[in-house]
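Produce the entire structure from the sequences given, and follow the hints as far as they go.
Going by the working numbering, the residue at position 99 of the sequence shown is 99; the numbering climbs one at a time, nothing skipped.
Honestly, the hints are just simulated from the structure, not real lab data.
You may find that some hints are simply not true.
Unchecked claim - Computed Cβ-Cβ distance ranges for the label pairs, DEER-style:
#1 E198 / A20: 22 to 32 Å
#2 P32 / R189: 22 to 32 Å
#3 L243 / L23: 43 to 53 Å
#4 I64 / G168: 19 to 29 Å
#5 W83 / G237: 19 to 29 Å
#6 W234 / G321: 58 to 68 Å
#7 L24 / F165: 19 to 29 Å
#8 F34 / I64: 22 to 32 Å
#9 E182 / L23: 21 to 31 Å
#10 L196 / G318: 20 to 30 Å
#11 F33 / L196: 24 to 34 Å
Since the model is a prediction, treat every value here as computed from it, not as a measurement.
Don't be surprised by glycine CBs; every beta carbon is placed ideally from N, CA and C.
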Amino acid sequence: MNEDTLVVPIRRVLLGLFLAALLLSAYKVLQPFFASLAWAVILCYVTWPIYRRLRSWLGNHPSIGAVLMTLLLGALFTLPIFWSITALRNELPDAYRGLLTYLERGSQALPEPLLSLPWIGPEIQQLSDDLAGDRDALVAQLVHWVEPWLANVLAILGDVGLNTFKFGFALLTAFFLYRDGERLLVQARQVLMRFLGERSRVYLLAIADTTRAVLYGLVLTALAQGLLASLGYWAAGTGAPALLGLITAVFALIPFGTPLVWGAAGVWLILTGELIAGSGLLLWGAVVVSQIDNLVRPLVISSTARIPFLLVLFGVLGGIGAFGLVGIFIGPIVIAILLAVWREWLEEQATPLQAGPLQAAPVQAAPVQAAPDSSQEKDL
Numbered sequence: 001m002n003e004d005t006l007v008v009p010i011r012r013v014l015l016g017l018f019l020a021a022l023l024l025s026a027y028k029v030l031q032p033f034f035a036s037l038a039w040a041v042i043l044c045y046v047t048w049p050i051y052r053r054l055r056s057w058l059g060n061h062p063s064i065g066a067v068l069m070t071l072l073l074g075a076l077f078t079l080p081i082f083w084s085i086t087a088l089r090n091e092l093p094d095a096y097r098g099l100l101t102y103l104e105r106g107s108q109a110l111p112e113p114l115l116s117l118p119w120i121g122p123e124i125q126q127l128s129d130d131l132a133g134d135r136d137a138l139v140a141q142l143v144h145w146v147e148p149w150l151a152n153v154l155a156i157l158g159d160v161g162l163n164t165f166k167f168g169f170a171l172l173t174a175f176f177l178y179r180d181g182e183r184l185l186v187q188a189r190q191v192l193m194r195f196l197g198e199r200s201r202v203y204l205l206a207i208a209d210t211t212r213a214v215l216y217g218l219v220l221t222a223l224a225q226g227l228l229a230s231l232g233y234w235a236a237g238t239g240a241p242a243l244l245g246l247i248t249a250v251f252a253l254i255p256f257g258t259p260l261v262w263g264a265a266g267v268w269l270i271l272t273g274e275l276i277a278g279s280g281l282l283l284w285g286a287v288v289v290s291q292i293d294n295l296v297r298p299l300v301i302s303s304t305a306r307i308p309f310l311l312v313l314f315g316v317l318g319g320i321g322a323f324g325l326v327g328i329f330i331g332p333i334v335i336a337i338l339l340a341v342w343r344e345w346l347e348e349q350a351t352p353l354q355a356g357p358l359q360a361a362p363v364q365a366a367p368v369q370a371a372p373d374s375s376q377e378k379d380l
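Here's what the structure looks like:
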């Protein structure tokens with residue numbers, strides 16, 4: 001017996017060490033693909049109703065449905081990028097000619113309403129005179145204006161080749177998740193039930209609700225930014241304000257992506273001689289269009305997922321800083337699970353306090369009932 005009592009704990013310790021080493025090794029192997037796996041899971045969850053309907057139309061063939069759905073996802077992300085690159089390539093020569101025309105005009109007086117602005121009016125006139133007379137100064141100033149938000153965009157997007165690699169693995173993972181997703185979900189629930197018990201249902205529900213809330217926040221924020229940008233394009237007199245607003249809404253799905261649209265439009269107006277319209281559009285984009293992102297998205301996520309606004313704001317910004325683009329989802333999900341654990345712990349702590357007085361009554365009543373019995377025994 002003594003040997004058995006020693007062998008069993010040793011086996012458990014060795015098994016625990018083996019599992020820990022196995023999990024650590026798996027983490028090292030899968031670490032480069034975490035972003036791709038996360039994006040694949042999120043995209044599959046969001047588009048799962050569409051996949052189920054497509055699969056039913058195809059006679060419930062999961063492989064064919066998974067292939068078509070993966071191709072649709074790839075087209076949804078790649079076609080707008082190629083279209084934007086093509087449009088930018090076509091517009092660059094006109095922008096260059098407009099810049100040369102601006103330089104050839106030399107110094108020009110600003111309109112009276114802009115020049116009469118207190119403090120900044122004379123400064124803008126002086127800046128315009130300096131830039132018109134010095135090409136190097138103009139280029140340096142343009143770089144100074146563009147550099148801050150361009151650095152943010154590049155920091156989020158990262159290297160193009162690396163992101164293309166991650167996107168390819170995300171699509172590959174999405175195919176297998178579409179095809180085998182239902183079976184994998186059943187297995188995942190069984191594993192979570194084994195380790196966490198009934199708590200796993202609460203955590204899975206928190207993940208689902210938060211993912212759905214983040215999706216709603218992304219879409220509604222993009223629509224709001226596109227609508228506000230359309231108003232700015234219309235007021236500035238650009239061509240096709242509705243189309244530019246739609247493009248802005250698409251780029252709004254990327255953090256710091258909207259300046260690529262309204263910034264280019266504003267600079268284009270300035271280079272073509274529309275200084276007031278261009279400056280107004282840049283101001284509208286910087287103060288209204290870009291800043292509403294930090295307000296609408298956390299508000300939508302907070303109201304949909306029932307998470308405090310401040311925690312959602314920290315989750316979104318911290319998630320982007322820690323995980324990149326996918327952190328928009330991961331950050332709020334982590335906060336939601338933490339909040340679910342916190343609330344569950346509070347409920348468990350409150351239950352004994354509420355049940356204590358109710359359970360104490362029978363204990364106090366016992367001596368009262370015992371007194372007559374003892375007196376009767378004495379009387380007998």
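A quick look at each hint next to the structure:
At roughly 26 Å, the beta carbons of E198 and A20 sit within the given window of 22 to 32 Å. P32 and R189 have their C-beta atoms about 27 Å apart, which keeps the hinted 22 to 32 Å range intact. The given range of 43 to 53 Å is respected by L243 and L23, whose C-beta atoms sit roughly 51 Å from each other. Between I64 and G168 the beta carbon distance is about 21 Å. The supplied range of 19 to 29 Å therefore holds.
For the pair W83 and G237, the beta carbons lie near 24 Å from each other, so the given range of 19 to 29 Å is met. Between W234 and G321 the beta carbons are some 35 Å apart, a value that contradicts the proposed interval 58 to 68 Å. Roughly 25 Å separates the CB atoms of L24 and F165, a value that falls within the hinted 19 to 29 Å. In this structure, F34 and I64 meet the distance hint of 22 to 32 Å, their C-beta atoms being roughly 29 Å apart.
Distance hint check: the CB atoms of E182 and L23 are about 25 Å apart, consistent with the given range 21 to 31 Å. L196 and G318 have their C-beta atoms about 25 Å apart, which keeps the hinted 20 to 30 Å range intact. A hinted range of 24 to 34 Å holds for the C-beta pair F33 and L196, which are about 25 Å apart.
Violated hint: 6 only; the structure is consistent with all others.
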